[in-house]
Structure formats: C-alpha cells, structure tokens
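Peer 1: Each chain, letter by letter, is given below.
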Amino acid sequence: MQQHEPWRSAAEPAGLGAGPAPTTVEEGSMERSKNFIKALQVSRRPVRIRVIRQVCFYVSVFPFFGIDVQRSGFPGSLGDAVLCSWFGWRLRSLRVCLQELKNLRPQLYSASEYCEKSYLHSEQKQMVLDNLKDYAVRALVNAVDHLGTVAYKLTDLYEQQASEISTLELKVACLNQQVLTCQTYTDKEGLRQQQMMGAATRHHKHYIIPYAGNKRMQAFSEMQVDANIDVTPRPYSSAKTLQWHLVSEKNSKTDSSHQSEFVLGETKATKPASNTLHIHGKESSSSSLPNKHLHSSKTSSDLFSVSIKDQPAARHLSSFSSFDNPRGRQIQKAPVRTKSMLAALFVKHKSAKMKNVSVR
Amino acid sequence: MGRGGGMGNPVNVGIAVQADWENREFISNISLNVRRLFDFLLRFEATTKSKLASLNEKLDTLERKLQVLEVQVSSATTNPSVFN
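Order-wise, the sequence lines are chains E and D.
Numbering follows my numbering, in which position 153 of the first sequence is assigned residue number 153; successive positions increment by one, without gaps.
So my numbering is basically just the index in the second sequence, starting at one, shifted up by 1000.
No lab work stands behind these hints, which were simulated from the structure alone.
Any given hint might turn out to be false.
Lysine-lysine pairs mimicking DSSO-like chemistry, simulated, CA-CA at most 30 angstroms apart [said to hold, decoys possible]: (1) D:LYS1058 / E:LYS125; (2) E:LYS153 / D:LYS1049; (3) E:LYS117 / E:LYS133; (4) E:LYS102 / E:LYS117; (5) E:LYS102 / E:LYS133; (6) D:LYS1058 / E:LYS153; (7) D:LYS1065 / E:LYS117; (8) D:LYS1065 / D:LYS1051; (9) E:LYS102 / D:LYS1049; (10) D:LYS1058 / E:LYS188; (11) E:LYS102 / E:LYS171; (12) E:LYS171 / E:LYS153; (13) E:LYS171 / D:LYS1065; (14) D:LYS1065 / E:LYS102; (15) E:LYS188 / E:LYS171; (16) D:LYS1051 / E:LYS102; (17) D:LYS1049 / D:LYS1065; (18) E:LYS133 / D:LYS1051.
Pairwise CB distance ranges (calculated) [what the hints assert, rightly or not]: (19) E:ALA173 / D:SER1031: 50 to 60 angstroms; (20) D:VAL1011 / E:VAL144: 36 to 46 angstroms; (21) E:ARG95 / D:LEU1059: 16 to 26 angstroms.
Just so you know, even glycine gets a beta-carbon here, dropped at the ideal spot from N, CA and C.
Please build the complete structure, drawing on both the sequences and the hints.
Peer 2: Next comes the structure, spelled out in structure tokens:
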C-alpha cells in the first residue's frame, strides 16, 4: 500500500499538522486541497477535489458567476430586510452556491499542480494517472452538479420575481381602472350640470314672457332709460336670452308704431265718447265677463289711458298696439296665444282695476 | 533469447499504444463533456439575460404607471371640490 501510494508520506505531515477549523473562504479552499491530497492517498472518500487545468479554464471563462445576485437598487436597510425574508433566504442560498462554485477554481488549479509534480517525481506513474482520471471525472461531475444547482436556484428566483411582478401589474391595472372610473364620473357629472343649466334658460322664456310680458316690457323700458344696456340682439346660438327677445319685440314694435297710431285713431273715431282703448271693444266682445266688471274696467281704463299719456307715447303706443292688434306682434319663435294671453291680461287687468276701485 | 526479447518489445509497444489510445479517448470524452457544459452555460447566460431584460422592462413600465397614478391621486386629493 505504501508503494502504491508513495505520496502519503508527503501528505501526512500536512494532515497531521492540520490546525483549527477554517473560518474564511480561503482557508476553506486550502483545507479542501489538503483533503484532495488525502483523497489521492485514500481514493474512497467522496470529497471536492481539483481536476485538470482545462476544467479550471472553462469555469473561469464564465463571467456570469461573478455577477452579484442582489439588485443594485436595494438600499442598506432594505437589503437587510430583504435578506431576512423568504426571498432573502433563497438569495442567500444562491449566493452560497455561487461562492462554492467560485471556490472550485483554486481547488482545481492546486490539484492540477499537485498531479503534475507527483507524476514527474513519483515512480509509479500509472497509478498517478489512474487516480488522476478518477479525480477528473469526479471533479467534472461535481462542477456540473454545482452549475445545475446555481442554474436551478437562479431560475427559481427569477420565476418568483416574475410572478410577483405580474401580480403588481394586475394591481396597478386595477388602480388605473379605478382612477379612470372616477375621472369618467366627474366628467359626466360636469356635463350634466352644464346641460341642466342650458335647459333651464331655454324653458324660462317660454313659460314666463307671455304671462308677464306687459310688466316685463315696462321694466325693460325703465331699464333702458336708466342703464346703458346693449340693446342690439346678441347672436347667441344655443340659448337666446330674455333680453334678446325683448329687444327683438321692441324693434318689431317700433317698426309698427305707425300702425299703432292708425289703430288708435280708428278706435278714437269709433268711440268718440272716451279716450278708451280698443281693449274696451274687446271687453265688450268677451261674453264671459260680468257687466259690473265692464263698467269698472271702463273707468279704470280711463285712468289707465290718462296715466299712460304722461309717459312717452311711442313706447306705450307700441305696447297698446300689441294689445289692440295681437297679429301685429312680432314675436319670434313664440307660440300664438292671443286669446289666452288676452284673457290672462284681462284677468290681471281686472284685478288691478278692482284694487283701484276698492282704494277709491 | 534475442527473439524472445524482440518478441516482447512489439507486445510492450502494442500495449503502450493501446494505453495511449485509451488515454486519448478518455481525454476527448472529458473535453467533449466540458464543451457541452460550456455550451449549456452560454445558452443559460443568454436566456437569463433576455429574461432579466424583459423583467427590467416590465419594472420600468410599472414604475412609470405608478408615477402617473401618484400624480392623478395627488391632484384628486388637492382638489376635493371636484367630487362634491
């Protein structure tokens, strides 16, 4: 046995002189090289040993194993927290595997040097060669095993990260959808509010002007005297304001002012007894009105006509003309409600007259 | 005696040649397996690089989406009257 294993004597002092357990990685690699020597002496031990320089060369070529697995973006404290977690455990195991793979290189180099020297100096070269062959096969299998472990752990880590990222993508998509829903809701609400405001202005004129047209025209005339109102009708396409309609009516009335004078003249001619308006004619024609009201209306109309005379004639003539001749009224886009309008005016007019009578 | 010694030499040469061929075959096998290992590692490196690049791209996209969401949420919190 001693003849077949001549290097035992050389290895024994190293084995006997073994110090305390290795603490650093380099000491561990040296320990492994010593174990290799012992393995050469006792070939039964399955120990990590170095092999020929070709394997060392191929292992050293791969720059992949030199990459730091930790993401460079992790800060210090967060990196510690990451390492302590489940993901950190996997990361640590990967780092250990990579470190062990890196340590294979010096071991293989030292084993190749030892084999070269022993082959050159020993007498039983065949034995050295056989041992070297076995060692090469085992070293190759060991290297493949290490590489496979590293590849498996890296792939597992990548799969885990990919699944986490896909989950994050789903969550971000949900958040995005929620924000989009909120935006759509606010837009719809804003549009609805704007539409409501526009609809209110459209209906306002339709339902208000025919019943309160007289009072509003008087108020408008007063406003025109006092304030500097832009009388010209404005080109509002969507919603024509009340002001515009009043102005348009006024313009139409000013054009027909001669008509009104002619009409008044006719009424005066037909009823020379009083300065009454054509309204009285209308009043008499309405059969539904009681006689008392007719008489009171006559008197109140006298007062009304006298009061009207004090004010500028043109405007009130136009207003009277509207009562006298509803057909001459040029209201754009307004419904033709002459009878109902007149009836409403009579009602209000009579109510005013009744008040005046009661005051007397 | 000479022929016996001469007969032994070709046998020894033959044995040596055979051993040499065996050694060469062994070395070629080792080399072939090492090259296979090298190819595997190259392919593994290429696929892992592409996977990591796609992962990086996904992370960048996620980061941008989160930034946009952050801006939207901050604008919504600064203007709560919009939702009244």
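Peer 1: Any of the earlier hints contradicted here, and which numbers?
Peer 2: The structure breaks hints 1, 7, 10, 11, 14 and 18; every other hint is satisfied.
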